[in-house]
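Undergrad: Single-letter residue listing:
2 protein chains.
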Amino acid sequence: MEPNGSPASYGYRMPGEWERHSRCWMGWPERPDNWRDDAQHAQRVFARVASEISKFEPVTVCASSQEWENARSKLPKHIRVLEMSMDDAWFRDIAPTFVVRDKSSSPGYDGQRVAGIDWNFNCWGGLGDCCYRDWSKDILVARKILEIEAVPRFPEDMVLEGGSIHVDGEGTCLTTEECLLNPNRNPNLTREEIENRLMSYLGVRKFIWLPRGLYGDDDTNGHIDNICCFARPGVVILSWTDDKSDPQYERSAEAFSVLSNATDACGRRIEVIKLHIPGPLYMTEEEAAGVKVMNAKYRFAETRLAASYVNFYIANGGVIAPSFGDEKRDREAYNVLCSAFPDHEVVMIEEAREICLGGGNIHCITQQQPA
Amino acid sequence: MEPNGSPASYGYRMPGEWERHSRCWMGWPERPDNWRDDAQHAQRVFARVASEISKFEPVTVCASSQEWENARSKLPKHIRVLEMSMDDAWFRDIAPTFVVRDKSSSPGYDGQRVAGIDWNFNCWGGLGDCCYRDWSKDILVARKILEIEAVPRFPEDMVLEGGSIHVDGEGTCLTTEECLLNPNRNPNLTREEIENRLMSYLGVRKFIWLPRGLYGDDDTNGHIDNICCFARPGVVILSWTDDKSDPQYERSAEAFSVLSNATDACGRRIEVIKLHIPGPLYMTEEEAAGVKVMNAKYRFAETRLAASYVNFYIANGGVIAPSFGDEKRDREAYNVLCSAFPDHEVVMIEEAREICLGGGNIHCITQQQPA
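Protein sequences appear in the order of chains A and B. For the first sequence, my numbering assigns the number 1156 to the initial residue and increments by one for each residue that follows. For the second sequence, my numbering assigns the number 1156 to the initial residue and increments by one for each residue that follows.
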């Protein structure tokens, strides 16, 4: 199932997240050194996210052997629950990046419409910067998913997480320098070499580089999916704050400036929709105390949470977005998303803070498989 | 995915093994207290069996998290390798028994053609008689397979292993009293109650009970699939010996007598094809010494092996059968199988003795999923 040559050479491209999905993939959180109170809250919220997505498209949740029965019992019957070992449950970053092509368009690999990219993964920074000390199970997740689905696999030795790239499906890739050019990922690749790899893997031809990701998003070194995303070709949603004293302000303003001066692969100017962040929010004493000290990054009370509404998932006809208990900003976010996605039903997940405590949000724990 | 009512009430029946398959399921052996030399020989032979079957139909091999990469590396690429935990690798007995129905014929469960029965399992006899001390992972295998395939599941609390029944797909069930009426399986069910359950689960209406299974087949308490099987409706193949001093003789003669006087569900007399057993064969010192003493039944040198050629798998257009290094009997078996299956290609697996050392053979490690 492993063709030679790059996906683009076979006519594949990464579709926009709003293009039709056959399925959503998720993991199941369990590590007590990242998810407080033995992951019981995180599991409840993951189950909620899975349930909401499953109203729009089929969902598969993967859980370890130890957790399979627990996951099965906590998820609705129509959600498929498979056994799979993992080091943590960030399927955006460890599941394959799926690519598609028109059946008629391309010669080569078995004529299959969907394929998957299996990037290299170093736990968001490798030894020294990793979020936990052993990621040997994470590394196999993409391959196992492609095996289950009998989808061709393109292995790639460049380190990359799915959450560090966004595409519009029409040739444009949106990403951050803070992450992709970080020496803890691919120190031997220049910006140009990285662009070349992404062109041949994602089928893109134009890059928009934001300098930095969200303030406080140190776990991922500023993943794009926590600060900015496409709503459709030519339109992005950018995490914003009006508070000039917030260190987020200069990051958002800088991104706004880049986006305002950018054109996409089709030559369009970019329309930027601002979406105000909640809070600022901080980890509480109780929350930090619930995380066991073992083999993962320590979690401290008073840490600024990298909380952002753009970390949502676009399902078939639905947008599943986090809310944070900040009434004013939650309501604003709901309204902004409803108007950005007039053809989608927007669903806000109330306890999404629990996912944020673990270092990401709804987009980070999901991965769409195109139809 | 769990309907109320029995499979038969929805129009399902267990098909004959020669009816079209969509796939064959197998496990991956690893326990060093059942498979000598840390399962290295067994893994080689399982891989060989999987490869041969894959020439006739798709094959999925399930391996534990620890063994997944090893299994993946030892199997051809076109075989799908999935992660699944298990206590041992006897998929005939722990995977679901699949049933089918004509789409047009039956109302009820989602109109799906294929469903699976998830029997209860007590490790071939429960506490005291079990082959190993913990079978908690085995118990979940059938459910996990049905989950992967999104096939409806019929849970059943009666203890039954797939290897203890054979059907002709036309209403007849062939089984042994030694196993099904053994008090270590379902002490609270009478023969009539067991028949009633099997009628409502397998869609059969007539039973042929052989008194005993193969001599020496103590692990399974005389599974039918090691002594006798259907070649097609109205025709069975029976393990035989001409040696009246062999304790197998009276078992085979007794079975022959029962079969000769039986009619099947369609009123046909049964044609019996005799297939001479190899050997007799015994476990060597070296073989016994390679099995670690841990949590499984001990293996002793000089033990008579329950070696039989009827423990084969019928694939789409192929018959995958064991050979044992007994030249004369191996050749006889090949000839008998070729003439019993004129439309199938017969493939003999040379090192099948390795599977026999673990307590079964090719039929015991495979499970067909009907098309």
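FYI, nobody ran anything at the bench for these hints, they're computed from the structure. A couple of the hints might just be wrong.
For identical chains, the list gives no copy identity; a pair is met inside one copy or between any two copies.
Claimed, not checked - No farther apart than 30 Å at their CA atoms in a straight line, the calculated lysine-lysine pairs in the DSSO-like style are these:
#1 1452 - 1292
#2 1429 - 1399
#3 1447 - 1483
#4 1292 - 1429
#5 1483 - 1399
#6 1361 - 1429
#7 1452 - 1361
These numbers come from a predicted model, not from an experiment.
Undergrad: Give a verdict on every hint.
TA: Status of the hints after comparison with the structure:
1. For the identical chains of this complex, residue 1452 and residue 1292 are intra-copy neighbours only, at 18 Å inside a copy versus 32 Å across copies, given an alpha-carbon limit of 30 Å.
2. In the homo-oligomer, the alpha carbons of residue 1429 and residue 1399 lie at most 30 Å apart inside one protomer (15 Å), although the nearest pairing across protomers, at 90 Å, exceeds that limit.
3. Taking identical chains as interchangeable, the C-alpha atoms of residue 1447 and residue 1483 are never at most 30 Å apart, the minima being 33 Å within one chain and 65 Å between chains.
4. Proximity of residue 1292 and residue 1429 under a CA criterion of 30 Å is satisfied in neither setting, with 38 Å inside one chain copy and 50 Å between copies.
5. Taking CA atoms no more than 30 Å apart as the test, residue 1483 paired with residue 1399 passes inside one copy only; the shortest distance there is 19 Å, against 90 Å between copies.
6. With identical chains, the CA atoms of residue 1361 and residue 1429 are at most 30 Å apart within one copy only, with a shortest distance of 23 Å there and 72 Å across copies.
7. Taking the shortest alpha-carbon separations for residue 1452 and residue 1361, neither the intra-copy value of 35 Å nor the inter-copy value of 64 Å comes in at or below 30 Å.
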